[in-house]
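Protein chains in written order, with our numbering: chain B, 7 to 368; chain V, 7 to 368.
The set of hints was computed from the structure by calculation and includes no laboratory data.
Keep in mind that the hints are not guaranteed to be accurate.
To be verified - Quick list of in silico lysine to any residue cross-link-like pairs, SDA-like style, CA-CA up to 20 Å:
no., chain 1, residue 1, chain 2, residue 2
1, V, K310, B, P169
2, B, K310, V, K276
3, V, K276, V, S79
What the hints assert, rightly or not - Reference listing, derived: stretches of chain B covered by chain V, where coverage requires no fewer than 3 residues with Cβ under 8 Å from a Cβ of chain V:
no., region
4, 327 to 336
5, 345 to 352
6, 358 to 366
Claimed, not checked - Pulled from the structure, derived: some chain B residues nowhere near chain V, Cβ distances all over 12 Å:
no., residue
7, P25
8, D60
9, N66
10, I80
11, P110
12, P153
13, L192
14, Y263
15, G300
16, K310
17, D311
18, N320
19, E321
20, A340
21, L342
All C-beta atoms in this analysis are idealised placements derived from N, C-alpha and C, irrespective of residue type, glycine included.
So the chains spell out like this:
Protein chains: 2
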Amino acid sequence: MAHVFALIMAGGVGARFWPRSREKYPKQLLPIAGEGTLIQNTVARIDGIIEKKDTFVVTNRVQKPTIIKQLPSIPPNNILVEPIGRNTAPCIGLAALFIRRIDPEAVMIVLPADHIIQDVGEFHRLVSIGVQVASETKGLVTIGIQPDRPETGYGYIQMLEEPQEKNPYIDRRVYRVKTFAEKPNLQTAERFLESGDFVWNSGMFIWRIGTILEEIELHLPELHQQLQRIDAVLGTEKYMPVLENVYGVIRSISIDYGVMEKARQVYVIKGDFGWSDVGSWDEVYRIAEKDDQGNVILGNVIIKDVKNSIIQSNEEITGVIGVEDLIIINTDDALLVCKRGKSQDVKEIVDYLKRKKMNEFL
Amino acid sequence: MAHVFALIMAGGVGARFWPRSREKYPKQLLPIAGEGTLIQNTVARIDGIIEKKDTFVVTNRVQKPTIIKQLPSIPPNNILVEPIGRNTAPCIGLAALFIRRIDPEAVMIVLPADHIIQDVGEFHRLVSIGVQVASETKGLVTIGIQPDRPETGYGYIQMLEEPQEKNPYIDRRVYRVKTFAEKPNLQTAERFLESGDFVWNSGMFIWRIGTILEEIELHLPELHQQLQRIDAVLGTEKYMPVLENVYGVIRSISIDYGVMEKARQVYVIKGDFGWSDVGSWDEVYRIAEKDDQGNVILGNVIIKDVKNSIIQSNEEITGVIGVEDLIIINTDDALLVCKRGKSQDVKEIVDYLKRKKMNEFL
C-alpha cells in the first residue's frame, strides 16, 4: 500500500460569507455548518486514512496563527505559507516538493479546506480506490460529484464510457476524462444533467508525487523551473527569501486549467457522498437541518412568527418578528439581512466595502 | 399676559422601541425621528413662548444625568426626580408645587417628552389660545388632535357643539368636553372618526396652577394630602426623605382618569399640526420622509434591491439585500428584524427578555 499524504488547501477568502467570513476569518476557519470549523472537519474527515504527520496545509500569513490553533494535532511545520495566493497550481507544486523530500514514492491527496461531505464512509471508499488507481498508473485522478440539479456554480467533467478492457477501473466507477467544462449557463447545465455523463468538478485530486511534478514540468515549464529554485533551498535559511521571490514572478494559474485539461491520462471517480462546497448562505440553508418551521437558528436569537429562515447571532441578541425566507447573519460589527435566493449578491456588498476602503469591515 | 411655565414629563420606558430604547435610554432620549432627541425637540418646540428658567422636567433617577446632558439650557434644579413612576397625576401635582412657589398665578403647560409635532407655528397658536382660556376661566384645557384615521392606539375626547353664547371660545375651535373615551376597538374608532365630534387625546394640558391643585384636592383628596406633606418641606433637607415616603404610599393614577374625567369645566382645543406620539417603529416609518424607493435609512447601511423599509445602524455596518417592508434596527448589542405592520409585537421580545432576566439587553 502506498504511503499517502494529504494537502489541505486553505488560502481562500470567501467573500460570499460576509459578514461571518472576513479577511482574517475566511469561510474555512468558521463553523459555517454546525460543529467544528470547515478546516477542522476536513482534517477529521481523513482521520484513520492519513496520519497527522503526513497532513500538510497551505495557507497565507494572516490565517496561519488561527490554523495552528484550530488544528493542534497537525505539526506546525506542516503548515506552509504562501507569500501571496497564486491559485492552485503553485500551491500544489510547493506542497509536492515538501512531500517528495519525505517519500518520493508517496501518493498525495489534495483537498480544499472548505467543503462539506456527509457520507464519510463512502468518501473513504472512493479515496482508497483513487489511491489504488494513482499508484498503479501514471494517471491524475480527480473526484467528480454525481450532480442532482443543473447547478451553474460549478465546473463539470465529462466522463468517457469505455469497455472494461480499455479501462479496467470502470467497474468501480472510475472513468477516463473526456473533457473539462467551465461553469455552464442554465441551459447547458440542464443538458449536462440530462446526458448523465457529466459530474461536478469537486477540486479534490489524487496522484503520485512523481506524476504531478512531471505533469507540471510538461505543461507548466515556467512553474517547474521556479519550483526547482525552491527545491534547491528547501530546509535552509534561504527558503523564505527565495519563496518570496518566486511568488513575485510566477503567474496565477489553476491546476485544472494548467495541468488537468492538458494531461493525457486523467481519471475521474464518480462520487455520491453528500458533497457541497457550501458556496453561499443559500447553500448553507439548503444543507442544514431545519426545525419544524423550516428555520436554521444559531446563537442568541428570539423569534416570533418566523419561517424558512437562517438566523445566526453571536453575543448580541437578535429579535426577529413576522418574516420568512430571510438570511440574517449578525456579527459583532456587521450585519447581513438578505432574501433567501439572493445570497450571491453578498459579494456586491463586499465589493462596495472594498471600493469605499472600509477595510475594518472586510 | 399670564406667566407661563412648562412641565415636560419624561418618565417613560418605551419598550416598543427596543432595541433602540433601553431602560437607560427610553424613547424620549433618542433621535427616533431624525435630528435631535425627542426631548430636545420638545424643548426646542416651546422656544420663544416659554423661558428656559420656567421649564421643568420630571423624570426618574436613571434618566436624570442624560437629561441634564441633553438639555444644557434647562437649569438642573428644574429637573425633578420621582423616586418611582406613579403615572401622570402625582407627577403634575409635584411640578405644580414647585411652580406655585415661584408664581401662584402662573399658567402651566404640560407636555409629554416623546411626541412629534410638524407644524410648530400652528402649535404655538393653539397654545396661546389655550393659555388665554386657562387664564380667563377656571377651566382645565387639553389639546385634542383632529384624527385622520380610525386609530385604536389612542384615547378619544368627544367635543360638545354649543352656540357661541354658551361657549365664547368655540369660534377658535375650543370646545367643552362631553366625554373621555378609552382606546376603542376598530369598529368604535371608525364610528368616532365618522361622527366628526371626536379628537385624539394628546396628553397635552394647559391650566392655572391654582386650578389644577384645586381640582386635585377635589377629586384626588389623598394625593392632595400627600402633596401638602411635600409642600411643607419644599426647599429643605427633609424634601428627599418625605418625597420617598410619599411616593411609597400614593397610588398610581393618570391625570385623565383621576381629574379630567371628573372635573366640571374642561375644554379641548381641536388641533391639526402634524402630531404623533411615535408609539412604534411602524409609526416612525409612517411619519418619516422616504427616499424614492420608500426607504428610511439611518447610519452605516448598504442596500441592494430594498423597498419600503426602515433601516438603522450605528457604528456597525448593515448590508441588506432583496427585501421589502422590513424594520431593521441594528444597535451595538441587539438587533431587531421585524415585518412592517408587526412592530406592536416588539413588546413581546422585551417581555421575553424580562422573563429570562436577560437584563443586559433591557
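Hints versus structure:
no.: 1; hint: V/K310 to B/P169; verdict: violated, 53 Å
no.: 2; hint: B/K310 to V/K276; verdict: violated, 40 Å
no.: 3; hint: V/K276 to V/S79; verdict: violated, 31 Å
no.: 4; hint: 327 to 336; verdict: holds (count 6)
no.: 5; hint: 345 to 352; verdict: holds (count 6)
no.: 6; hint: 358 to 366; verdict: holds (count 3)
no.: 7; hint: P25; verdict: violated, 7 Å
no.: 8; hint: D60; verdict: holds, 42 Å
no.: 9; hint: N66; verdict: holds, 24 Å
no.: 10; hint: I80; verdict: holds, 34 Å
no.: 11; hint: P110; verdict: holds, 50 Å
no.: 12; hint: P153; verdict: holds, 27 Å
no.: 13; hint: L192; verdict: holds, 19 Å
no.: 14; hint: Y263; verdict: holds, 31 Å
no.: 15; hint: G300; verdict: holds, 16 Å
no.: 16; hint: K310; verdict: violated, 6 Å
no.: 17; hint: D311; verdict: violated, 7 Å
no.: 18; hint: N320; verdict: violated, 10 Å
no.: 19; hint: E321; verdict: violated, 7 Å
no.: 20; hint: A340; verdict: violated, 5 Å
no.: 21; hint: L342; verdict: violated, 5 Å
Of the numbered hints given earlier, the model fails hints 1, 2, 3, 7, 16, 17, 18, 19, 20 and 21; all others are met.
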